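Fit chain B to the supplied structure of chain A, relying on the hints for placement.
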Amino acid sequence: MIESLQLLIDVSLLAFLVIIVFASIKMTDLFAVTMLFGIFSFVSALLFLDLDAVDVAFTEAAVGAGFTTVLMLSALRLTQPYENVKHRHSLLALFIVTLTGAALFYGIADFPAMGDPNAPVHQHVAPEYIQLTQEKIDIPNVVTAVLASFRGYDTFGETVVIFSAGVAVMLLLGMGQVKHEQEPEENMVLWVVVKPMIPLILIFGLYVQFHGDFGAGGGFQAGVIFASGFILYSLVFGEMYARRVMPAPILPRLAALGVLIYGVTGLISLLFNKPFLDYTALSSNPVSGQHLGILLVEAGVGLAVFSTILLIYYSFSGREVNHNE
Amino acid sequence: MMIIDWLSDICLLLGGILTLTGAVGLLRLPDFFTRLHAASVTETLAAMLLIIGIMLDTGLTLDSVKLMLIILIMIIANPTITHALCRAAANGGTTPEVEQPSKSVTQTDLQNSSDNEVKTETEISGKEAK
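Protein chains in written order, with the working numbering: chain A, 784 to 1108; chain B, 217 to 346.
Worth flagging that the hints you see were computed from the coordinates, not collected in a lab. All of these numbers come straight from a predicted model, not from anything done at the bench. Note that the Cβ used here is the ideal one computed from N, Cα and C, for glycine as well. Just to be clear, a hint being listed does not mean it is correct.
Unchecked claim - Facing chain B, according to a computed beta carbon distance under 8 angstroms, are these residues of chain A, among others:
#1 Ile-922
#2 Asn-970
#3 Leu-973
#4 Val-976
The shape of chain B in the complex, shown without the other chains:
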């Protein structure tokens, strides 16, 4: 019984930490797609861990079966929503603000990386304003 309580606490704590990192990522990451990536961690892994934590706490009842069903639906639905959002953004003309893999990273690129960051930020805000 003790071990299950501990496991439940660990799951809840990990879920909380991942939610927090997801929130930080959503605020700090540079472009739409990386932000979406941060959000998707929150809505799959963190939510799953939180629900598993609650399930371990409630024990084997009808409620935990319902929570299990919620996890199942979330595993299927949330990545799909992320995919649909991503696709809609790509179709709408949002491009990733990262360097293309075909372009080789040169010394000057690395030196100008700080300038690039500033530029991407202005580009993003410009796109949002459109």
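Next comes chain A alone, as it looks inside the complex:
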């Protein structure tokens, strides 16, 4: 009964995803399409949640539904709200899409069934990780152990990717600036409600940051949540005040500092004749060394993600609106 119910939920969520995709292709109102993208992210977060991938669902909800929607709206402000519809249908495009789709469907045939314990992905390194998490790292959340310790190299790479994305956006768009000191529209209800909300969001961000060892969360999610507090402040009270609290020129330095914390944590273990990012070198007790290493690395990730996200937001929202180009 429960299994068939779960199957029903999975199928209906997937069906929703397909419907949203078709709707966003068909619609020409870009504002509505942006909202549909947000809904798409929320539905896929639900799907991840249903598949017990809580950390991924968390990231998807925070980044996909939260931050990306704000970013899309900022970009939409710079352009026209409607799509230029082309009434031209390319047969070649249809052919290529059909071919790719057919190839993908053909590929599904070789997939292992969902949740199959004998699938290669569950036989390769996963059992080792699950066992060693208990023995060597001793934290309840295996995802954090895999992300920060076993796969520390990969996560370092991801952090560098996020940092370079921020740098690339900064180089392309600049950090933006608020020239005319534009006061936002007076809205007392919004101000009164949002003001006490922001410290709660920031505290929640810190909770997610430091609770990642025990439950869902970690540096990536915490960075986004922390940045969203500032973005909310900027949206409701005006960007110039947000830039006074967290000036844009600091942000690239903070992002670099985050990557630096990660890298230096790895280098310290090199100094003690251990491999790069082997946290057992950080303390006399290997397990507490692992804890310390994960804490430092997650802090670096959180800092890098927070400042990169806020920097990208500033770059988009600080652009001058010019419809007459």
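Positioned in the frame of chain A, the structure of chain B alone reads:
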């Protein structure tokens, strides 16, 4: 224990029904503001009932405290979001598609009400197309 289970079931059922009515209202009601009203029922009362139902089911644990916090935030945040949306729509020039209270309802108005409905629908779609 039995009573709590029953209460939980009643809360969940009521929440489900209200969600459904909210969805129907969102699809069927004539203009933006009445649709928003339908949606706001879903996101305050229905969501609250659903979470209270889950809380009664889990009992007094850390999880139910977290659910309590979610309810608190929802009570504050969701009506504010509805208010902000409403205000943005009003500032953007969306007017309620209902008869103004200053205008007295005459016999001809009542007779033409079916025509009015058709007109409002076309007006809405015209606004959306803009």
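Status of each hint after checking the structure:
1. Taking 8 angstroms as the C-beta cut-off, the interface hint given for Ile-922 (chain A) is violated, the closest approach to chain B being about 18 angstroms.
2. Satisfaction of the interface hint for Asn-970 (chain A) is found here, the shortest Cβ-Cβ separation to chain B being roughly 6 angstroms, below the 8 angstroms cut-off.
3. Proximity of Leu-973 (chain A) to chain B holds as hinted, the smallest CB-CB distance being about 6 angstroms (cut-off 8 angstroms).
4. Hint status for Val-976 (chain A): holds, given a least beta-carbon distance of 4 angstroms to chain B, under 8 angstroms.
When held up to the earlier numbered hints, the structure conflicts with hint 1 and nothing else.
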